[in-house]
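Undergrad: Residue 1 is where the sequence shown starts when you use full-length UniProt numbering, and the numbers rise one by one after that.
Hints were generated in silico from the structure; no laboratory data involved.
Please note: incorrect hints may appear among the correct ones.
Cut-off 20 angstroms, straight-line C-alpha distance, at most; resulting in silico cross-link-like pairs (PhoX-like, lysine-lysine) [to be verified]: (1) K133 <-> K76; (2) K181 <-> K136; (3) K120 <-> K136; (4) K170 <-> K136; (5) K181 <-> K196; (6) K120 <-> K170; (7) K196 <-> K120; (8) K107 <-> K81; (9) K109 <-> K81; (10) K120 <-> K109.
Just so we're clear, the structure is a prediction, and the values are computed from it rather than from any experiment.
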Amino acid sequence: MNRSRATQLSLFEAAAVAPVQIAKPKPVAPPKPKPPKQPNYVAGHRERLRTRFLVGGAEPLPDYELLELLLFRCLKNGDVKPTAHRLLEEFDDFNRVLSAPIERLQKVKGIGPEIALDLKLIEAATHRMSQGKVLKRPVISSWNALLEHCRVTMSHRETEMFRILFLDRKNVLIADEIQGKGTVDHVPVYPREVIKRALDLNASALILVHNHPSGDPTPSTADIDMTETIQRACELVGITLHDHLIIGKSTEVSFKSEGYL
Numbered sequence: 001m002n003r004s005r006a007t008q009l010s011l012f013e014a015a016a017v018a019p020v021q022i023a024k025p026k027p028v029a030p031p032k033p034k035p036p037k038q039p040n041y042v043a044g045h046r047e048r049l050r051t052r053f054l055v056g057g058a059e060p061l062p063d064y065e066l067l068e069l070l071l072f073r074c075l076k077n078g079d080v081k082p083t084a085h086r087l088l089e090e091f092d093d094f095n096r097v098l099s100a101p102i103e104r105l106q107k108v109k110g111i112g113p114e115i116a117l118d119l120k121l122i123e124a125a126t127h128r129m130s131q132g133k134v135l136k137r138p139v140i141s142s143w144n145a146l147l148e149h150c151r152v153t154m155s156h157r158e159t160e161m162f163r164i165l166f167l168d169r170k171n172v173l174i175a176d177e178i179q180g181k182g183t184v185d186h187v188p189v190y191p192r193e194v195i196k197r198a199l200d201l202n203a204s205a206l207i208l209v210h211n212h213p214s215g216d217p218t219p220s221t222a223d224i225d226m227t228e229t230i231q232r233a234c235e236l237v238g239i240t241l242h243d244h245l246i247i248g249k250s251t252e253v254s255f256k257s258e259g260y261l
């Protein structure tokens, strides 16, 4: 046997005893579980509620059903009625649900960040719409709309808010600004900052507005003293203080009508 033949046999024998590598099959991922099928009565309820809204509008709907319609947008499946009722149990009524702080909304079972954000966006859109009815318009001719704007934006808040309505020489509303946010029974107000902002806007007159979360709009001694201080500061720079409105839950008090101004 020649040398080349021997080498070939040696290589053949080595290959015969070498371990054979067998490729392992790749693991197959289990199929994803299908979402639970929505019960027929839930789907039917959603469709019936949408139809009632389209036909009759929002007025006939109780608060929990209006909340259900909003929750449908984020919660595509399941019964949202319990979540709507939990919101009302926590915040009392529809307006207080929308005006609740986003952190408190997310503490309610079934309300995650996305739903809480949607509710706050709806609140912001409502406020923007009510403001659009009074901004750049004479206050005298739009007084009822102005009061409604203050109610919408302030009457259901859990803490005090102080805002100022700035008017020009023709009593047209040129700016509506929040100047301070406080606690359940106090909001800091700085007359110097009020006057400074009025001068920046070239305003000729002001209307002060703040809310009482307790729901009772009766002026406190601190409210009266603060108003008098701002009135004196306004007089020094030739600005007129037309009124100070205190917004309660269902009514408001005008300092001018009550004789405080």
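Undergrad: So which of those numbered hints doesn't the model satisfy?
TA: 1, 2, 3, 6, 7
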